[in-house]
Structure formats: C-alpha cells, structure tokens
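First to last, the sequence lines map onto chains A and B. Per the numbering used here, the first sequence starts with residue 2, numbered consecutively. Per the numbering used here, the second sequence starts with residue 458, numbered consecutively.
Please keep in mind that the hints were generated in silico from the structure rather than gathered at the bench. Worth double-checking, as some hints may not be accurate.
Pairwise CB distance ranges, derived in the manner of DEER restraints [unchecked claim]:
#1 LEU540/B x ASP67/A: 40 to 46 angstroms
#2 TYR467/B x GLY83/A: 23 to 29 angstroms
#3 SER570/B x GLU56/A: 39 to 45 angstroms
#4 THR553/B x SER63/A: 24 to 30 angstroms
#5 LYS4/A x LEU540/B: 24 to 30 angstroms
#6 SER52/A x SER570/B: 39 to 45 angstroms
#7 SER63/A x LYS470/B: 42 to 48 angstroms
#8 LYS41/A x ARG472/B: 23 to 29 angstroms
#9 PRO9/A x ALA459/B: 31 to 37 angstroms
#10 THR471/B x LYS69/A: 50 to 56 angstroms
#11 LYS68/A x GLN498/B: 25 to 31 angstroms
#12 SER479/B x ASP18/A: 39 to 45 angstroms
Covered stretches of chain B (in silico footprint by chain A; criterion: 3 or more residues with CB under 8 angstroms from a CB of chain A, positions within the stretch not fixed) [to be verified]:
#13 489 to 499
#14 560 to 571
For lysine-lysine, the following BS3-like pairs were computed, each having C-alpha atoms within a straight-line distance of at most 25 angstroms [said to hold, decoys possible]:
#15 LYS560/B x LYS4/A
#16 LYS104/A x LYS38/A
#17 LYS104/A x LYS69/A
#18 LYS560/B x LYS58/A
#19 LYS104/A x LYS514/B
#20 LYS38/A x LYS68/A
#21 LYS560/B x LYS41/A
#22 LYS58/A x LYS69/A
#23 LYS514/B x LYS4/A
#24 LYS560/B x LYS38/A
#25 LYS38/A x LYS57/A
#26 LYS104/A x LYS68/A
#27 LYS57/A x LYS104/A
#28 LYS69/A x LYS560/B
#29 LYS38/A x LYS4/A
#30 LYS560/B x LYS104/A
#31 LYS104/A x LYS41/A
#32 LYS560/B x LYS57/A
#33 LYS470/B x LYS42/A
#34 LYS4/A x LYS68/A
#35 LYS58/A x LYS38/A
#36 LYS42/A x LYS560/B
#37 LYS104/A x LYS42/A
#38 LYS514/B x LYS42/A
#39 LYS470/B x LYS41/A
#40 LYS560/B x LYS68/A
The structure displayed is predicted, hence computed values, not measured ones. The beta-carbon is built from N, C-alpha and C at its ideal position, and this holds for glycine as well.
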Amino acid sequence: EDKVVQSPLSLVVHEGDTVTLNCSYEVTNFRSLLWYKQEKKAPTFLFMLTSSGIEKKSGRLSSILDKKELFSILNITATQTGDSAIYLCAVGGGGADGLTFGKGTHLIIQP
Amino acid sequence: KAGVTQTPRYLIKTRGQQVTLSCSPISGHRSVSWYQQTPGQGLQFLFEYFSETQRNKGNFPGRFSGRQFSNSRSEMNVSTLELGDSALYLCASSRTTRQGGEKLFFGSGTQLSVL
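This is chain B alone, in the form it adopts within the complex (with noise of 0.2 angstroms):
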C-alpha cells in the first residue's frame, strides 16, 4: 500500500509569490491534515480536511488556505509568502476525521525555502 506522497520535495520562493502544494493519502484515507515544522516551533497544526469539508483550523493567518478533492487529494496554497514562511511542510492522513482518535501516517513532506 502507498504511502502519503506530497510534491513537491523542495521550493525555492521569494518574498510575496504564492505556492501550492500538493497531497495524496493513502488509498482509502478520507481525512488529510497539514502541519507546519520549524526549528522554533516544532510542528503546528494548520487545518484539517474530511470529504471535502475542512473540518479544523489552527492559528495561522487566512493568507494558508486549503482544499480537498473528491479522491482526497488536497492542495495547500500559501499567498505572499514572507520569510518566516520558511519551513517543512507536512501532510498527514487518517481513515476517519482526527477526533475520532484515529492514529496520523505523515507524508515526508515539502521543504519550502522563502527567500
């Protein structure tokens, strides 16, 4: 069985463009969550998706946005990007939305440089 495969691996963006990144599930997963990792703040919450819907949100400015299709992929798009937006970018899926208990199997991520 496959596992969560983001794209892309690395980015090298500059002040103010805009990225998307991308994520598939493992087959059969509905729920996709992303996370943000950086050396000072270890890994954060950014939102959740569940058949379409996002389910959860966490504390970042509306310039992170997301979205899921029907097979579960889902997309992150982060606008004007600043520096601090330097980070590796996690996605995790789960068969069932998170608080249901169900256990996250992460994707390796996309490492994304803002220069």
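Excised from the complex, chain A in its bound form (with noise of 0.2 angstroms):
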C-alpha cells in the first residue's frame, strides 16, 4: 500500500522566518510528487517533481526530490502571514490509485 508521511504537522512560526516542511513516501512505480497548499477550501498547485535532485522554485517557495531517501521538502523563506496554510504532498504512482496524500503540515506565521 502506497504511504505519504508528512512531518511536522503542525507549525507555528514568526514572519520573516524560514520554514522547511518535509514528505517521505513508499510507493510503487513512482511517477511524481506533487505540492499543494490549502488555505480555505481548494487545495492549489505549487510543484511537481519527477526527477532527483532537480531543485523547482518559485518565489519564495522551492522544493527537491530525493529519490533514492524517498523524501522531498518544500522550503518557504522569509515567511507572510498570507503562507499560513495547510501544505499537503501528495505522491503518484504507477498504479489504479489515484493520488496517495499525506495529512498535511498545518503551518501558522504569527505577525
């Protein structure tokens, strides 16, 4: 059975730190890892990573892949009050199974 483990999950932080979130999976035929950020309701896309070692930025966000330790971690540096979410990772693989999520890092920035 396919597993995403997300740590921490919970996260308080002050504005203007920087904050790394991690996501360790076990899945068969990996494809890809997704990053979604879910502040209300829709979670939205940040990234998506096939390939190991291959840093994906965006802002202030960036993410890698390690596929040989089977982790990746999304870093958010200089932190706002408007990145206070909850960041879930979610992993595909070869099989019938849709995509296969880890509970989530609910992370609060304090002003």
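Both chains are sitting in their own frames, so use the hints and assemble them into the complex.
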C-alpha cells in the first residue's frame, strides 16, 4: 500500500522565518510527487517533481526531491502571514489508486 | 479560464438519504477525479473518470458511485448516507488521465454534513 508521511504535522513560526516541510513516501512505481497549498477549501498546485536532485523554485518557495532516500522538502523563505495554510504532499504511482496524500502540515505564521 | 466548479458548496442530509454532487472541470480537461477529505484521514482517492469511463477506483464501498458526461462534467452519488460520510468532497481535473503524471487542479469542494 502506498504511503506518504509529512512532518511536522503543525508548525508555528514568526513572520520572516524560514521553514522546511518534510515529505517521505513509499510508493509502487513512482511517477511524480506534488505539493499543494490549502488555505480554505481548494488545494492549489505548487510544484510537481519527477526527477531527483532538481530544485523547483517559485518566488520564496522551493522544493527538491530525493528519489534514492524517498523524500522531498518544501522550503519557504522570508515567510509572510499569507503563507499560513495546510501544505499537502501527494505522490503518484504507476498503480490505479489516484494520488496518495499525506495528512498535511498546518503552518501558522505569526506577525 | 474558469477553474474547476463544484456545486453545491454545502449540503446537510440525514442518515439513509442519498446525495448527488456536481463538478465542472476546466475547459479542455477530460479527466475528473474525486477525493474525500476528513480531519482524521486526510484526502483519500474515490475514483477517476476519463472520456466518460471510470478509469480508477479507490477503496470505498459501492455506495459511492459516479459518472462523467460527454462534456466532461462529472457527478458523484452517495447512497444510504452514514454519519461517517460527513466530509469535504473535492473534485479535480486534468488534461489527461492522471497516470500520465499530470498535475491536478482542484475545485473548492462540497462540504457534506450527515446528521
């Protein structure tokens, strides 16, 4: 059974801090790892990673995948209160079970 | 370009009733997936439709069913509702079937409460 574990489950930091969110996985026939941000209801797409060691970057957010050690990290630098959200990690495998999601990291940025 | 649209936004039902949820994907997207999100279990895959055919199904009982129309719009039905069906039901669309490694775009969900 495919499994995705995110840590920490919750995190409270101050504005301006840098945070690192972790995602480890076990999946059959790995195809992709995706990060989503969920603020209210609709998860919004952040990154899709398929190749090991290649960093994806968008503004203050970046992510990297390690296919050998089966994990990914999401970094957010110079955090702002608008970064407060649940960050979801999901893995797509070669099976027929859709994306497997982790439980998410609830990030709270205090002013 | 309009995003994924789900209706209704909120629903309150009682045990034993049935419910139908609707999802309109992004224009040009042919794959629609449904997920159930609860505080305890997180997001769990229900099923995926592509070109009006169910391609994949998650580990949910047969009370959960769906269909897709020729315009790619999809409906999800839950019969004989149970208290444990209370959840946020999210629909996601992509250009092709997810197994191709496509990223999913999610709607805002339908919040279902079963009393």
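*In ascending order, which of the hints set out earlier in this document are inconsistent with the structure?*
Violated hints: none at all, because every hint is consistent with the structure.
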